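Undergrad: Chain by chain, the residues run as shown.
There are 2 protein chains.
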Amino acid sequence: MLARERIRSALHHWRIAILVVGGLLLVSCKGDREKESTRLALVARTGPATSPGDSTTRYADDGQWVRPGKDFQGTRFSGLTEINNQNVQNLHVFGTFSLGTNRGVEAAPIVSGTTMYIVTPFPNYVYALDLTKDGMPTKWSYKPHPVNASQGVACCDVVNRGLVVDGGKVIFNTLDARTIALDAATGKELWVTQVGNINLGESVTMAPLVVKGRVIVGVSGGEFGIRGWLKGLDENSGKVVWTAFHTGPDKDVLIGSNFKPFYKSDTVKDLGVSTWPADQWKIGGAGAWGWVTYDPELDLIYYGTANPGPWNPEVRPGDNKWSATLFARRPETGEAIWAYQLSPHDEHDYDAVNEDIVVDMPWKGQQRKVLLRPDRNGYFYVMDRQTGEVLSAEPYGFINTTTGVDLKTGRLQYNPEKATRTGETVRYSCPAAPGVKDWQPAAYSPRTGLVYIPHQNLCMDEEGVEPNYIAGTPYVGTNVKMYAGPGGHRGLFDAWDPVGQHIVWSIKEDLPVWSGALVTAGDVAFYGTMDGWFKAVDARSGKELWKFKTGSGIISQPMTYSYNGKQYIAVLSGVGGWSGAIVAGGLDARDSSAALGFVNAMKDLPQKSTKGGILYVFAL
Amino acid sequence: MLARERIRSALHHWRIAILVVGGLLLVSCKGDREKESTRLALVARTGPATSPGDSTTRYADDGQWVRPGKDFQGTRFSGLTEINNQNVQNLHVFGTFSLGTNRGVEAAPIVSGTTMYIVTPFPNYVYALDLTKDGMPTKWSYKPHPVNASQGVACCDVVNRGLVVDGGKVIFNTLDARTIALDAATGKELWVTQVGNINLGESVTMAPLVVKGRVIVGVSGGEFGIRGWLKGLDENSGKVVWTAFHTGPDKDVLIGSNFKPFYKSDTVKDLGVSTWPADQWKIGGAGAWGWVTYDPELDLIYYGTANPGPWNPEVRPGDNKWSATLFARRPETGEAIWAYQLSPHDEHDYDAVNEDIVVDMPWKGQQRKVLLRPDRNGYFYVMDRQTGEVLSAEPYGFINTTTGVDLKTGRLQYNPEKATRTGETVRYSCPAAPGVKDWQPAAYSPRTGLVYIPHQNLCMDEEGVEPNYIAGTPYVGTNVKMYAGPGGHRGLFDAWDPVGQHIVWSIKEDLPVWSGALVTAGDVAFYGTMDGWFKAVDARSGKELWKFKTGSGIISQPMTYSYNGKQYIAVLSGVGGWSGAIVAGGLDARDSSAALGFVNAMKDLPQKSTKGGILYVFAL
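Chains as they are written, first to last, in the numbering used here: chain A, 1 to 620; chain B, 621 to 1240.
These are calculated hints, taken from the structure and not from any lab test. Mixed in with the good hints there might be a few duds.
Unchecked claim - The calculated lysine to aspartate or glutamate pairs, modelled on DMTMM-like cross-linking and capped at a C-alpha distance of 25 Å, are:
#1 K143/A with D1224/B
#2 K549/A with D872/B
#3 K1169/B with D591/A
Unchecked claim - Simulated restraints on C-beta separations:
#4 T953/B with G586/A: 37 to 45 Å
#5 N768/B with N468/A: 49 to 57 Å
#6 D604/A with G1206/B: 27 to 35 Å
#7 N768/B with D604/A: 21 to 29 Å
#8 T734/B with N468/A: 51 to 59 Å
#9 Q607/A with N707/B: 30 to 38 Å
#10 N564/A with E1044/B: 55 to 63 Å
#11 Q709/B with G113/A: 47 to 55 Å
Please read all numbers here as calculations on a predicted model, not as lab measurements. Ideal Cβ positions, reconstructed from N, Cα and C, are used throughout, including at glycine.
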């Protein structure tokens, strides 16, 4: 299918009924393929309760929320039902807490036992709030000695995507590339591991995943000429047990005899070297700053690697493996089991760090073990998680830079008209560099079988320029100017049917929806907006049920927990991140190329949101 | 009366019944003189509704709150009754807004018409929030071009005590000593006047008072060797119409033929020169950074001047006039009508900037026009506001540095044992430098006849050292170390009967109560704590009726307004100020003398509060 056909087809799928509700456009869509869509409520085998394994079982307790993604599978689904689509309009503010910071807050509040834990943006303070006491006072706080230079190597605000609690430890990463474990009861430092070198542009913004005694940590810095990696640290000592590089020879990538990618083209030796010109792989980017999920049954972790560096693709002919690649690895050894490159020779910063939600679902008549992946390149992938086969890759947003995914070869088909060229400005490339969805994680409800996707609708003008590598300094090679995509709205909160492969309902938002999603067994989905609204919508219809305006913009991850038999919903408010850097970083709206071109699309944000860092807890 | 007798007598007056309520000590006191205390509900002639004059009448509208003190009289009393002592427990968070700053917030939210206006700490952003719209979006915001050097000459955090709305203009001061008028509808700059010179240590933190076409502005900087002043600017042009210095020859102080102080000793010519050694008056401090109130009938403004500089009294023998002095002046010309020096030759930084609440009340059988003044030196003054006569000066906290006020001479009697001496540490001087009450304004209810006083209970060790004057740098000459006073609690929220001259009820708080007070015709009094609790208590009994934990500590001024027939209560949360500098300024708890010795008393604050800047609006 050609690009235009693909777009026409996608638009055709969405018979869009537009209804103006309270100043917003609520878009209700019905897919052509609805007939194919069997609701998964009865058949889905995912969700907290079905996961085996010691720590998995522990976290089946819906009263807690011990990691940003809720469960190993990354569903962000809670079985709690006290707050539901019949009473959510009665939610009120139960408590608040000021983080003491004013930069973009992307983390999720974490609840383990009777304590809530929060890690802030740089300088990465950690707070433990006592849920048993009136006003949730601070039980302890921890302030890492900050390495201020790390702010200079953060491409997109100084965010942190959250901490994890495991085995009585609070484990988190700092912008200056340390992984730190604290005693969850006292805040006492247990170990500190310097995992990266900020002088080479390595920073860490992602939330670690702890699984089978390993703390899985990946690096940020694809705009600074790093050589990307994922590491496995020993949970007890902090010692680095394994390092998997994402470029270079197979032995560095931890590709060995058990590596069985689905597509034949990926079976050639040392592709991490041969798909790059000369020594470019040594500074080829491909970090891992997004989400890692885990299937306890197959004992595999899943995560995507980031964009190749520099952005300008003309200086790195070849597929640039293993950038923008989905890896399945053994958590204990890091050994690669399969890999699939989502965006070979990434032309547009289609960084592949998005989440892989672990779900068992029916597919063409049989039950399959799949990954659900709304990728940054704009396609919603359904992947066989045992083999790495692409079962489906349908667009869930407006795309003109590529024309689809060839399911025979697994290969993304680029539109040559939109290729980035040095010294020439290519206009109206869609999606823009942050993709149809960036890091902001989707949620999956086994009750509705739908994936709730917060995302953006942006296009861009793109011009390649000659990049120069100087260690630890920006290494991008592309000038970008972003703006709203078709329709003029910059954000969407959509419900996607992964079986029927279509949007079920869609809410248009003026600003990019840069927050994560939460969905509960009360059939309510939650998300936030960059101008501060925290919203609850009916998980089946998308109807807005409730909203509250928080103090700053929301770009973080909502969660829910229970204490003493009562359900609470919590979210952090604090605008920033790449999309909100104009406010959090105080950037000048006149500089269109600031924040890698995002500022141009967000010139009105300073009138709509103020800097902040506030926890909100809601209850009935 | 000697010091010890005075203290014994004061303690005797308070027959203290202690009751532990929810972890707090609620102290109920009954004064010996209760028989003298006629409740003022029927006779009080103050309050918004009784004030003549164009703009006064306008602000009788209890739906608005156009200046921090509510009315010209500074009562901080609202006639609104929807929220009252029967239903206040049902208050909930209606809305929030992040100020985008993280330093101490001392301002009051201001409501004029259907807009709420807020000025933040340095860099002194101004926000106009639209009350007519869902979520109170920002109508406009204004960011002054900041002069960062001004942070260096702020003694005690970079606070701002609020803006005023008058005649369609928003008028406020900036830390870097500018007074700025904006169009209240659009935020457009109307005029900017540089009123002080930060290179000489002049900053401005106070809220202006606008009266009769004059914008009254005073200077901060008593710790930097400034020569203090109050200015009257033309409201329309911003032009400085008059400047009244607080030291120097009479002509500079605007003391002329109409100057009629009550006490004969104040009638000598040029006391602003003769009560200082040599040229010391030129760098003698005595700014005006607190409250200005106004009696429209007598056409007099009332305000107190700040401490003499440097703190070390041995380098400035004499009364150091007109430091620590209450002035009555004509607003249009600045002409002094009377003056009364509260703390002559101020030994302990008993800065006299506290408020003068304008009240008509019965006194020994006749109705008197008085000022109610809970002074920093620890005495609650009842002053005849026509003449400057001290009618009463009773201690409202623990005092051992002075032994009382001689009502014949009006003179404060110092305890020579507690005199500050160079090279010697005098221990256990009470109250400490911030006094029994600092800037945090009390409220007065004409219904109960009581004054609601938020204050602290601190003592100090004090050592004089040789100060050196270098323009624009700290010039203090005293090392101070503060700690909790008798009883161990550091704060109090008291109801004082100005007729009976005794405490009616008293709430002990662990931390200094550094917020202002609000009282309403619903017989509820509101205040905040430095660990973030916003509290409502019964105005007659002091019983705690409701509390909510805000995100940061509260050191600001609560207010109330109505929109569309509904009553709201608003307060800003953001710890800091002198008392909270350890958090707002990130000071090291190991340095006891930091923040002029306040840090020593607040070493636990970082465990109890985090930096912030958040508006909270509450409603039923």
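Undergrad: For every hint, state whether the structure bears it out.
TA: Right, here's what the structure says about each hint:
As the CA atoms of K143/A and D1224/B are separated by approximately 16 Å, the hinted pair is consistent with the 25 Å bound. Distance check on the hinted pair: K549/A and D872/B sit about 52 Å apart at the alpha-carbon level, beyond 25 Å; violated. Taking the CA atoms of K1169/B and D591/A, the gap is about 41 Å. The hint is violated against a cut of 25 Å. At about 43 Å, the beta-carbon gap between T953/B and G586/A stays in the expected band of 37 to 45 Å.
For N768/B paired with N468/A, a C-beta distance near 33 Å fails the hint of 49 to 57 Å. A beta carbon spacing of about 33 Å between D604/A and G1206/B agrees with the range 27 to 35 Å that was offered as a hint. Checking the proposed 21 to 29 Å range against N768/B and D604/A shows it holds: the Cβ atoms sit about 27 Å from each other. Checked against the hint of 51 to 59 Å, the pair T734/B and N468/A passes, with Cβ atoms roughly 55 Å apart.
Separation of Q607/A from N707/B is about 37 Å and conforms to the stated range, judged on CB atoms against 30 to 38 Å. Under the hint 55 to 63 Å, the C-beta atoms of N564/A and E1044/B, about 57 Å apart, fit the expected range. Evaluation of the 47 to 55 Å hint for Q709/B and G113/A yields a failure: the beta carbon distance comes to about 30 Å.
Hints 2, 3, 5, 11 from the list above are not met by this structure, while the remaining hints are.
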